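S.K.: Listed below are the residues making up each chain.
There are 2 protein chains.
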Amino acid sequence: MEQLDTNTLTAQLQDIWHNEIPLSKDMDLSIVSFANNQLITRASLAPNVNVHGTAFAGSLYAIQALTGWGMVHLQTQMLGLDASILIAKGNIDYSRPVDQDIIAICQFDGYQSEIESLLENGKARFDLKCAVGVGDSVASSFDGVYAVKIRT
Amino acid sequence: MEQLDTNTLTAQLQDIWHNEIPLSKDMDLSIVSFANNQLITRASLAPNVNVHGTAFAGSLYAIQALTGWGMVHLQTQMLGLDASILIAKGNIDYSRPVDQDIIAICQFDGYQSEIESLLENGKARFDLKCAVGVGDSVASSFDGVYAVKIRT
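These protein sequences, in sequence, are chains S and Y. If you're matching positions, the first sequence starts at 739 in this note's numbering and goes up one per residue. If you're matching positions, the second sequence starts at 739 in this note's numbering and goes up one per residue.
There may be inaccurate statements among the hints.
Any copy will do: because identical chains look the same in the list, a pair fits if it lies in one copy or spans two.
Straight-line C-alpha distance at most 25 Å; calculated SDA-like pairs for lysine to any residue [what the hints assert, rightly or not]:
1. K887 <-> D837
2. K827 <-> K867
3. K861 <-> S833
4. K887 <-> D820
5. K887 <-> N829
6. K763 <-> P835
7. K827 <-> N859
8. K887 <-> V872
Because the hints were derived from the structure by calculation, they are not lab data. Computed from a predicted structure; not experimentally measured.
Given only the sequences and the hints, what does the whole structure look like? Please build it.
M.R.: Written as structure tokens, this is what we have:
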């Protein structure tokens, strides 16, 4: 598989989301940046409100689950791998309401043993964390386990 | 507050979802039935697909989180209470893909001490479970903690 620069990879990732996961478009999810193994995504508040006029818990989960999925997708692409990525379980805490556009951050550091397992056995599980902040505080924190399998 | 029959309550609940939580409409979420303290909801697969052509993990979470929220809403309404309901945390497992319309089930049994606490102190936390099945198997199971506060 051809190695591509990160701008091309993030553009492709956003196309995959919008073309193949209609809800990502309904939520207005887009990629803000991908640098230093940090993926930042954004979604407008309006399509994601709840009865309280703040961000709907389901949107906060879906956005962070997709941000984690996107991170694993980008990492496998950068390794030149074509991989199937499935979320096996997810966990989310809501500590304060989000009354503004939703910005999700996912950091990918470490994971050396998971990457070795992926390259050696063709499969691995990655436990990723994401967060959505409001001001200087964490408003919601997400933890997802992704099962990754190299396509042969 | 006036006591209403369950058909009116479920119709009102669906109106709240579709009018105040746009994503519930995007997901095509509707109420199938509410009887014997069991709430069943449904969403078409098409607006909720992922890259694998099966149900998007974020939709499975959002649908079950709303089904649990709806259950707490219905229970408080049947008690004649006007309550604010917030999800504090959620937990979900995906054990197999959902390749058909999504049917979520939430059962409300027990909770006597939580209801007493709600009536006495004006607030309580309810830990609810929901599930989405495929055939006879559970495809996804959800656990959500809802913080409920009576509006004064």
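S.K.: If a hint holds in the structure, say so; if it does not, say that too.
M.R.: Now for the hints, and whether the structure bears them out:
no. : hint          : verdict
1   : K887 <-> D837 : between (38 Å within a copy, 20 Å between copies)
2   : K827 <-> K867 : both (12 Å within a copy, 15 Å between copies)
3   : K861 <-> S833 : between (34 Å within a copy, 17 Å between copies)
4   : K887 <-> D820 : within (9 Å within a copy, 48 Å between copies)
5   : K887 <-> N829 : both (22 Å within a copy, 24 Å between copies)
6   : K763 <-> P835 : both (22 Å within a copy, 22 Å between copies)
7   : K827 <-> N859 : within (22 Å within a copy, 35 Å between copies)
8   : K887 <-> V872 : between (35 Å within a copy, 23 Å between copies)
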